[in-house]
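With these hints in hand, go ahead and build the complete structure from the sequences.
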Amino acid sequence: MTPPLASMWMPSGADLRLALPELVLVGALAALLIVPLLGPRGARSAGLIALLGALTAGVAALLAFEGLPSGGLEIFRASGPSDPAAGTGMLVADSLGMFFRVLLMFFLMSVLIMWSLFDAPAERHPTEFLVLLVASAIGMALMTTTVNLLLMIIAIELASLPSYAMSAFDRTRRAAAEAALKYAIFGAATTGFMIFGASILYGLTGTLHVPGIARVLAGQASVPGFATTLTALALLAVFAGVGFKISAVPFHFWCPDVFEGASLPVATWLSVASKAAGVVLLVRLVSIFAEPAAAAYVAGVLPLIKYGVGALAILTCTVANLAAYRQTSVRRLLAYSSIAHAGYMLAAGAIIFPSEQPSAGAISAIVAYLVVYMFMNYGAFMALGLVAADRGSEDLDAFRGLGWRDAPTAAALAVCLVSLVGLPPLGGFIVKWWLIYALGAAALHSPFLWVLAGAVVINTALSLFYYMRVVAAMYLGAYEETGALRAPLSGKVALHLCAIILLLTGTLWIAPLKRNADGVAAAAYSPRSVNAGAPVETSISVAGSANVR
Amino acid sequence: MWEHSSLLSWIVFLPVIGAVVLLFLGSAGQIKRAALLFSALPFGLSLLLLGPFLDGTVGARGAGYGDVYFQQRLTWIETSDRAFRVEYFLGVDGLSMPLVVLTTLITLLAVGASWNFEHWKTRRGLKGYMALLLLLETGMLGVFVALDFFLFYIFWEVMLLPMYFLIGVWGGPRKEYAAIKFFIYTLAGSVLMLIAMLAFYFYPAAGDRTFDILRLATDPKLHALFNDPATRFLGYPFGVAMFVLLFIGFAIKVPVFPFHTWLPDAHVEAPTPISMILAGVLLKMGGYGMLRFCYPILPGAGEYLCVFLGWLGVINILYGALCAMAQDDFKKLVAYSSISHMGYVLLGMAAMTQAGFQGAMFQMIAHGISSPMCFFLVGVIYDRAHHREIDRFGGLWLSMPRYGSMATIGFFASLGLPTLCGFIGEVYAVFGTFDSSVLSRAGGYNLLFGILAATGAILTAAYILWMVQRVYLGAERPEYAGYPDADRREMAILAPMALLAVALGVLPKQTLLDFVSNTLNGILQITPQMTTLAQGAAAGAGS
Chain A
2 MTPPLASMWM PSGADLRLAL PELVLVGALA ALLIVPLLGP RGARSAGLIA
52 LLGALTAGVA ALLAFEGLPS GGLEIFRASG PSDPAAGTGM LVADSLGMFF
102 RVLLMFFLMS VLIMWSLFDA PAERHPTEFL VLLVASAIGM ALMTTTVNLL
152 LMIIAIELAS LPSYAMSAFD RTRRAAAEAA LKYAIFGAAT TGFMIFGASI
202 LYGLTGTLHV PGIARVLAGQ ASVPGFATTL TALALLAVFA GVGFKISAVP
252 FHFWCPDVFE GASLPVATWL SVASKAAGVV LLVRLVSIFA EPAAAAYVAG
302 VLPLIKYGVG ALAILTCTVA NLAAYRQTSV RRLLAYSSIA HAGYMLAAGA
352 IIFPSEQPSA GAISAIVAYL VVYMFMNYGA FMALGLVAAD RGSEDLDAFR
402 GLGWRDAPTA AALAVCLVSL VGLPPLGGFI VKWWLIYALG AAALHSPFLW
452 VLAGAVVINT ALSLFYYMRV VAAMYLGAYE ETGALRAPLS GKVALHLCAI
502 ILLLTGTLWI APLKRNADGV AAAAYSPRSV NAGAPVETSI SVAGSANVR
Chain B
21 MWEHSSLLSW IVFLPVIGAV VLLFLGSAGQ IKRAALLFSA LPFGLSLLLL
71 GPFLDGTVGA RGAGYGDVYF QQRLTWIETS DRAFRVEYFL GVDGLSMPLV
121 VLTTLITLLA VGASWNFEHW KTRRGLKGYM ALLLLLETGM LGVFVALDFF
171 LFYIFWEVML LPMYFLIGVW GGPRKEYAAI KFFIYTLAGS VLMLIAMLAF
221 YFYPAAGDRT FDILRLATDP KLHALFNDPA TRFLGYPFGV AMFVLLFIGF
271 AIKVPVFPFH TWLPDAHVEA PTPISMILAG VLLKMGGYGM LRFCYPILPG
321 AGEYLCVFLG WLGVINILYG ALCAMAQDDF KKLVAYSSIS HMGYVLLGMA
371 AMTQAGFQGA MFQMIAHGIS SPMCFFLVGV IYDRAHHREI DRFGGLWLSM
421 PRYGSMATIG FFASLGLPTL CGFIGEVYAV FGTFDSSVLS RAGGYNLLFG
471 ILAATGAILT AAYILWMVQR VYLGAERPEY AGYPDADRRE MAILAPMALL
521 AVALGVLPKQ TLLDFVSNTL NGILQITPQM TTLAQGAAAG AGS
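Residue numbers (my numbering), protein chains in the order written: chain A, 2 to 550; chain B, 21 to 563.
Derived by calculation from the structure, the hints in this document are not laboratory data.
Any given hint could be a false lead.
Quick list of simulated restraints, FRET-style, between CB atoms [unchecked claim]:
hint : chain 1 : residue 1 : chain 2 : residue 2 : range
1    : B       : GLN50     : A       : ALA176    : 47 to 53 Å
2    : A       : TYR326    : B       : ARG252    : 34 to 40 Å
3    : B       : PRO278    : A       : LEU498    : 42 to 48 Å
4    : B       : ARG252    : A       : ALA312    : 21 to 27 Å
5    : B       : GLU138    : A       : LEU509    : 35 to 41 Å
6    : A       : TYR326    : B       : THR281    : 16 to 22 Å
7    : B       : GLN50     : A       : ALA485    : 23 to 29 Å
8    : A       : VAL224    : B       : THR281    : 54 to 60 Å
9    : A       : ALA178    : B       : PRO224    : 56 to 62 Å
10   : A       : GLU482    : B       : GLN50     : 23 to 29 Å
11   : B       : ARG105    : A       : ALA178    : 51 to 57 Å
Built from N, CA and C at the ideal position, the CB exists for glycine as well.
Here it is as structure tokens:
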């Protein structure tokens, strides 16, 4: 039976409805470009459009939660008769993706508020900036829902290219240009790696559909002459692309420079959104690769991913925490802190073992972590902005005596920082606890995860020192008497809200946070339930393995 | 009638309520009085905890470990699939009750010792100081009464931040260094506890998973699993690995050599009342943790590691005493003497005998009374002289007779003079060591350790007598002649500690040992039921 031509490329209405958040953002993008032509060109109207777009997209994502089947579904399925990828989707619609969209849109709105406080008043090109911001948000949203290698690369590029431009947006500052160049070169190199890896995987397996790749690899793993080295190389290259977005060590060199060179809202945006998208993508990839249960695959290919991601996690948090020791710029300190937190989250990516509910624990831990991480990082960056606005410096010295000059602001910042360390009774402790809890639960099958959990907790102690340097500057040392912080009230309110939420997530909201995270994780995309009826590409796999030799 | 009660919640959280109330008060006088009230109330309430121990309930039951009073048990965190459950579970037994009373008492006295806050030459808020002090009290009390591992950990960590600020903001010249050192050391130790907590939770089968500290020790199924040499953690015997992880966390707090270096810094830089709390209560958390977690849950590992622990105890005793002898700084001397005294706690536990355990416990309480007293005595003279160099003092007894008498009681209690509290703990710990069958089985170490520990007593006598001679005796020096004697406030703080030092020394059985012996013997009774790790390991080595 030949389907009508139109259905080969026209997505169905149901698919479009599930992609509504992205479509709304695209609409906002268009509106941002068109509205200035019609009249209002100020930062205010542009900001409002972006805010409305983010709000609508967030609500759309929230509404899309309803009616999502458990296990998610693949949308935008290719259906051409001659298409080798027939029946496989480009995107998935599932609870994890929708959760991430809600989080991302909320965060986008928060960053817009920060932008309107610090950058917008002096911004000469507000429209252009916001177009870039929204475009990167679309890329990040796509990153977390793609199950196709090609679309994955496109999504990563869509998230990255506007980020390069955004970090260089303040053309008058040398540091910004330098940072953006570093960022772009690093990005280009890792994209090259990723495409290289993707093409090898395609050559090995004959498909770009990630669950398909996993299944073919599982089928091949027991075939004599299975190219383990080549598979490892390909996986490494693909994960390097993801690692770049997360700024995992050794792909992290751009991060502190970009955070320092870019404006504060951009740094805030990258520190949470870009990393969160990367982490969700990584966990999704890992959970897909964890699905097939063929013994040779479990023994041959999965350990590559498990030990690879685990080693990356240990390296990332340790290197970042040690590098943060010497920083005197609080912005760079927070940059290294964000790398370290990416490392903690990466640890969840090493929870990979075939079982009835693969990776649910890891996904749940990541979901909870991202929520709290967003608040603590936003709070810290907001406080940094407030202090910098008042003192004109982002150095540690600018924080001296803040605890006595402006007790509420300092207390709220201290809450955010202590939460970043991960001490009870704050949210940062609880999510770290859920993370090592997930590691501990999985460690029954794989004792290596005890080592990983150990690395995470020891790094917690390591990180204490540099966070406390800021706290010590605020409270302990000598200082000059200079009244309260002259800073926008709305910024202070946002900071206090973050602190209150961190206190609540660490005490009264522990159980609700965990329940919701579990709910998201339990209903997350699982190729087994989605592709139960899909054909397995065994014939292609044989051809693929023949090609290798 | 003593089984269930919400009394402990009141004792633990009254200080927090007080801290919140303080934030709304204005004048210094009001703040001080409120702080005094909110530290006196928990002390008053904590005396009620003596009820079941005094009226014979505990003795009549004769039950061992796991016999807990004033329980309060609520579900705190529960996941939707009920796989994970943390309880708000409080209770006291013979092990924790004396420490709770000690904590509330020392905090009350510390608030009194903070009364001359205005003279500390710091512009920084009395309000914040008192609020943090009360917050610290909640953390400390929570640690002693929590019977859920997760809850215990939360309290354990909650205590760190107030202590960091109390040392860091109101401390001496090197306060920043001392505060962060204290913080990092303690945190580094406690994060290892997290791994142990997870391992205790996940090793048993799904239905048996629990954070209940008592069940971890008393459930035979869990016990057999944890102490089975075949249970492995990353290739090491599970019991030994967990014992070591927990031990490091607690050892840093005690502090045990070589983790002790934070202590002289923290003690010396902290203001007097905070030193009192550090020495009086915080150090006891380490010993309490070992008696609450290591020995009941992993007795096999305790036996396996007894020689190692004994060595550490002996090193603590001798090394601490030698360091104390070398100090010129009065406060540092007292700080190192704490290290030395806590060595007896460790040695008594390592012996794993009734006398050893009771000696360890007694030494903790005795040191919890004598060392805050010593720190306060140092503080009193520092307030007047503004220096702490031992060699520059002399003849203080002549110029300050009341203070001198109190100092004699305090330092002689610390020295271990018979009829004062320090004596009983040391003697019990040393006798327990001589008697120890585990140490003797391991190769006759009981005699060696016993002799070395007894030698420590000579060193202790040496450095304390030498110090007393240099500071309090001798000819009166003109620069100290006009100093006012201890005033009523200072006497009111010193007198309770002096009375307790005498009472514990004269009536050790009635004041403490009767309360604690049931629980401590209970912990030892857990041991013989075990498939001992030591035998398993010996068999493994032989094959």
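Hints and how they fare:
no., hint, result
1, B:GLN50 - A:ALA176: 47 to 53 Å, "holds, 52 Å"
2, A:TYR326 - B:ARG252: 34 to 40 Å, "holds, 36 Å"
3, B:PRO278 - A:LEU498: 42 to 48 Å, "holds, 45 Å"
4, B:ARG252 - A:ALA312: 21 to 27 Å, "holds, 23 Å"
5, B:GLU138 - A:LEU509: 35 to 41 Å, "holds, 38 Å"
6, A:TYR326 - B:THR281: 16 to 22 Å, "holds, 19 Å"
7, B:GLN50 - A:ALA485: 23 to 29 Å, "holds, 24 Å"
8, A:VAL224 - B:THR281: 54 to 60 Å, "holds, 59 Å"
9, A:ALA178 - B:PRO224: 56 to 62 Å, "holds, 59 Å"
10, A:GLU482 - B:GLN50: 23 to 29 Å, "holds, 25 Å"
11, B:ARG105 - A:ALA178: 51 to 57 Å, "holds, 55 Å"
Checked against the numbered hints above, the structure violates none of them.
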